[in-house]
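Got chain U sorted already, so can you dock chain C onto it with the hints?
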Amino acid sequence: MKAARFDYHCAGSVAEACQALASHEDARLIAGGQTLVPMMAMRLARPALLVDIARLSELRTIEAHGGELVTGACVRQAQAERDPLVRAHAPLLARALPFVGHAPTRNRGTLGGSIANADPAAEIPLVLVTLSGSVDVRQGDVSAQVAASDLFEGPMMTLLAPTACITAVRFPVWEQQRIGTGFVEVSARQSDYAYVCAAAQVALDADGTVLRCALGIGGATAVPTRLSDVAQALTGRSVTLELARAALAPAIAALDIMVDAHASRDYRRRVALRFAEQALMAACADATAQAAGARS
Amino acid sequence: MSVSLTINGALRELEVEPRTTLLDALRDEMRLTGTHVGCEHGVCGACTILVDEEPVRACLIFAVQAEGLAITTIEGLAPAPGELSVVQDAFCEMHGMQCGFCTPGMILTAHALLKGNPDPTREEIVTAISANICRCTGYGQIIEAIQLAAQRLAGSNMPEGSL
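If you read the protein sequences in the order shown, they are chains U and C. Counting from 1, one number per residue, gives the positions in the first sequence under this note's numbering. Counting from 1, one number per residue, gives the positions in the second sequence under this note's numbering.
Stretch by stretch, here's where chain U covers chain C in the computed footprint (C-beta under 8 Å, at least three residues):
1) 9-20
2) 44-57
3) 117-131
Source of the hints: derived by calculation from the structure; they are not laboratory data. Every residue gets a Cβ at the ideal spot worked out from N, C-alpha and C, and that includes glycine.
Here chain U stands alone, though its shape is the one from the complex (with noise of 0.2 Å):
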């Protein structure tokens, strides 16, 4: 369990880490690196040189400007998580992070890794999906936005080339006064890969109708899907659990679903239903809560 020989460069900055790779065929970026040493431990990747941008100090920022979240894509997933502006402008990453690995990778892995990582397991791709961001990406000395509903293409791919860098990630603030989240995930273990998860965003007025929705599930799918014709079904309406049921039955029906060793097709649709229900109504819920002040 001993990685192969490799060449280690720290780069200085983005444009040297993109010269980086471009100057070798077969690169790799490595910032966390909390799925990527493990693989190369277990000769699933074999690059001839690693990159490191963990250290570019204009990747780790976090700010809240033109009504979105951008957070630098070296940010450590515990520093999202324990981080005042991504609780108050991107409340549905806050909730799912905790459901990251676990506290020792969230230590080093990084938001922008995770998204580039593609897992279909993963939650910060499910979160960037379901509220429909972006990642800013750098590739040569061109520049590119790219939108999350285009970037993901299948399990551990996504449309970036090889010598692309992600450089940050946009998450849509929300203007709404009370907003609400739910995250619902299954696992074999604490911390292990979600056969299924579950995210949901939403803004009541003060009647508790819905102002705005997003809904998306993970682990079920080859990519993160956002359930938007389910969101749209909803707003404008007060969401009880049998229009949510309603609204999301022909939704999950018409998914195509993931099977592995672990999780039959059935399973993980039925659980799919049931998570969608159950993060929509928690995220109800937490919006209701809101408006008595209990916002956490």
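What follows is chain C alone, placed relative to chain U:
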């Protein structure tokens, strides 16, 4: 590659291959064998160390990535040679171990927990040590040891946050 590491407060200069994990550097280069080798892919927690006071996996960091980080290993907890830290002492007293293989990782995890949360609930303790696998104890005595350590720290006259 040469790398300088700050281990238990002392600066050490090492020559390592980039592929040398911090775990292997600690054990093989520095002879700090209290950090145990378990699964070598981040699952078991036997190699838990503290980086800037927070628990991390020594098997999931290459030594070259650790330049300049403040690293604490189990060897760095005792206040003086021949003594034990409060947490170490509580593990002995409650017999929070059997074979001892997970113990350094458990103690460092508990140390970090109590530093940030001096009065954890049982659930918070369980969550904290959920990243560390013990195959002997069934965890009961480990939890009790951490509770005892918390009690003793609360009753001691040390400034809050110092362990």
